[in-house]
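Colleague: What follows is the residue order along each chain.
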Amino acid sequence: MLPFHSLPIARRRFVQGLALSGAAAGFTPALLARSTAASAAELRGTEFDLEIAELPVNFTGKRRVATAVNGAVPAPVLRLREGDTVTLRVRNSLKEMSSIHWHGIILPAEMDGVPGISFAGIAPGETFTYRFELRQAGTYWYHAHTLAEQTGLYGAIVVEPREAVAAPDRDYTVILSDWSDEPPLQIFTNLKKLSSYYNFAQPTAGDFLKDVRQQGLGKALDQRAMWNGARMSPTDYSDVSAATYTYLMNGTPPAGNWTGIAAPGERVRLRFICAGTATFFDVRIPGVALTIVATDGQPVEPVTVDEFRIGPGETYDAEFTMPDAEAHTIFAQSIDRTGYARGTIAPAPGMTAAVPPLDERPWLEPVDMMGAMAAMDGMGGGEHAGHGMAEMPPKARHARTEYGANTDMRVDYPRNNLDDPGAGLRGRPWRVLALADLRTPMGDPDPREPEREIELHLNGNMERFIWALDGIKLNDSRPLHFRPNERLRITLVNDTMMSHPMHLHGMWSDVEGPDGKFQVRKHTVVVQPAQRVSFRVTADAMGRWAFHCHLLYHMAAGMFREVVVA
Amino acid sequence: MISLAHPRTARFALATIVSVAVATPALAQEAPKQPPAAAQAEQSVNPAQEPQPAPPVEDHAGMDMPGMDMSGAGRSPDGQEMDMGKMQGGSAPRDARDSDDYADGYRNSTLPNYEMADKLSIPKILVDELEFATGNEGQGFGWTALVTDGPDDNKLWLRSQGLKNSRDRLDPESSVEGLWWHSAGPFWGTLVGVRQDLGKGGTTWAAVGIEGLAPYWFDIQLTGYVGTDGRLAARAKASYEILFTNRLILTPQVETNIYSKRSTDRELGGGFSNVELSGRLRYEFSRKFAPYVGFVWERALGDTADFRRAQGESPVERRVVVGFRLLL
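Line by line, the protein sequences are chains A and B. Oh and the first sequence: position 392 is 414 in the working numbering, straight run, nothing missing. Oh and the second sequence: position 136 is 137 in the working numbering, straight run, nothing missing.
Calculated from the structure, these hints are not laboratory results. Everything numeric in this text was worked out from a predicted model, so none of it was measured. Take these hints with a grain of salt, some might be off.
Stated by the list, open to error - Incomplete in silico selection of chain A near chain B, CB under 7 Å:
| no. | residue |
| --- | --- |
| 1 | G287 |
| 2 | Y425 |
| 3 | E584 |
Using N, Cα and C, we set each Cβ at its ideal position, and we do this for glycine too.
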């Protein structure tokens, strides 16, 4: 990746966005004030009127139309209270069907906001009234369950606990997202026509020569044989890159520098929400250690790290004490290292700190294709990738539908090393969060042992941009049937070379450790390439629900199953 | 040096050598009465002999040989046998799971506005080559284009290629095809349809073929034809992309054509009629638009060469080409 100062100006502006960009056509001092203000609009109470409508925006120097809620991108922060019953009247002022899904909130099936499954969507000009009781506290979010999620329809939800607890001095929601000047349908069709459409980091002849010089011909050839023989690219981290994306923090591009205020010694909580439609972010504040206190709204035993990866749909609450009166950069680089979202935490507006350079994009490693086979052999993956792999994990049980055109690769022995922070974060000189570090303090919320197991494989055909579960796309599939109140285990095996954040609606996903014991409660479970992750579900929510990859274009391409609790 | 050092290129060179070797018997036989025996060795190049059904969908191990075949047994540290199947292709074992079992008879919701994007038909236009050509047989223009439409498993293909140089007629391989493409595994598809030759003496053919991506990223198109005049024919194309950068891309390509009998109208002999090697270097200003320059070397073989000589032309044609590639 070129350093930014060497990029042509137009390109630099595209990647970094406009300093005075955002959700308005004209640039006004008020807008500047907003981008440095604590957060976007905030709504409190139990009754809300939300209007979904088009909004002219300019993030990159080009005027575009975003999808806003009450005139804001991101949508207003909803501050709710545990135990309250809230009423949200959502009016759709778009010309097309829309919807809002309350991501991570436990509620009745017909309030879940998935068109075709929970309800018929909200027709243009119509108002749908959502009403549900909040039976949980923590950081959540809401978003369109349509392609409008890409065009700005996402916002934070903070549910305050019923019982008063010690609050930090500063409390900010930090929504990370990816903006494109291209309409989402065009991104999808571009990927369907050419899956490498946005990947401009494929290995080149020059890379080969460099490897020959550094490692010798034999090793350089060996390194390529596995990938080229399998027709897989070792740089497929993301389908969509900064070739079209400008990454946003609270709706502000890097040049706009969203800023949160904190005085030295103040305790700060940043509620990170990944609303990226196709982007994982690696987040850090250089020089400031972050204590992760919650994920997906649920408290975890505090764990202090220097960096963490957040996938689409996930949330992480990170706390720290403001160390000094300096500015500190909140740096969130995309997993494919093509760009970043950036903000600042500082004692006063207008302060900035150095922005770290983007990392090199390493190749995926053999463990990311071959799972435990490679982890056991110590084939690449470094020291870290092999952790927790003292014993050979069980063999994956493939479905008969995984031998067709929708599956370009199968992993027989997936790895279950949840202590792997993932490709691109291995071997960091600082502490990086891994799934194994996350523990729910109260123990298993439903200590019943699972009565049965549903094994599902995440797979796809990268060449044709087909994504599927057990080799079956949504519209060729039948639902997963859960029996009322049963405790069951879902085991996911990722046969692909990309990480997939799998989101089960309506019920918690209680992730198990490699020992098969309950570890942490989540609503969005990231499964790394060639990895196996199991979670327990208590089927206590009657009705029809969505279960899908939260990468929007994977969901659209078929990596989606319906769940029926009946 | 760069290109020879690159593994993709090395394999391209090998493929080229194989192609030339296959073509050699045709070079030696001035007027082969039968299709050369060597053609039999080329899988599917000669399917027209007895029009073959599409390759089986379930088992295409022959086409799908992964270069990194991990099949076979390994051994875990505790000595336990690990039998690892092929990671790509193959057919389902007898005891494979049935994902529909999880449904217990339930069906998906029938509410309106269900997510249907996985069933979209997405039209695609790829004008791979649209070029001005100049060489020892004069100037002209050439094209290779593919229009496809349909969902993931079945598509309509319109495929055309051609060349018009300063001769008074189109190159004999100029044609347009209408084909039904059917997915036959993750990397391959079968083709069934019709080819119509363009220009003087053109024949209409029934077409059967395969196309796809071979290990190490070789794009392959093999098509067999049965003509309304009783002739059989086959066309084979293979290409590869060498990335100098992610935007500066060299595409070497090899093409050869075979006919069972001569066609005086078309000035084509029996047996291998030609072999063409080309390289086009494009710069992708965007994925949608990429201008290129290239070089094409084509050798007419057997009777086809004689036809050309009779016209006072050389059986060897060298062309410099300049054009652009479009993806829409």
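Colleague: Against each hint, give a clear statement of whether it holds in the structure.
Modeller: Each hint tested on the structure:
1. G287: At about 48 Å, which exceeds the 7 Å cut-off, the nearest Cβ of chain B leaves the hint on A/G287 violated.
2. Y425: holds (4 Å)
3. E584: The hint holds - A/E584 has a Cβ within 7 Å of chain B, the shortest such distance being about 5 Å.
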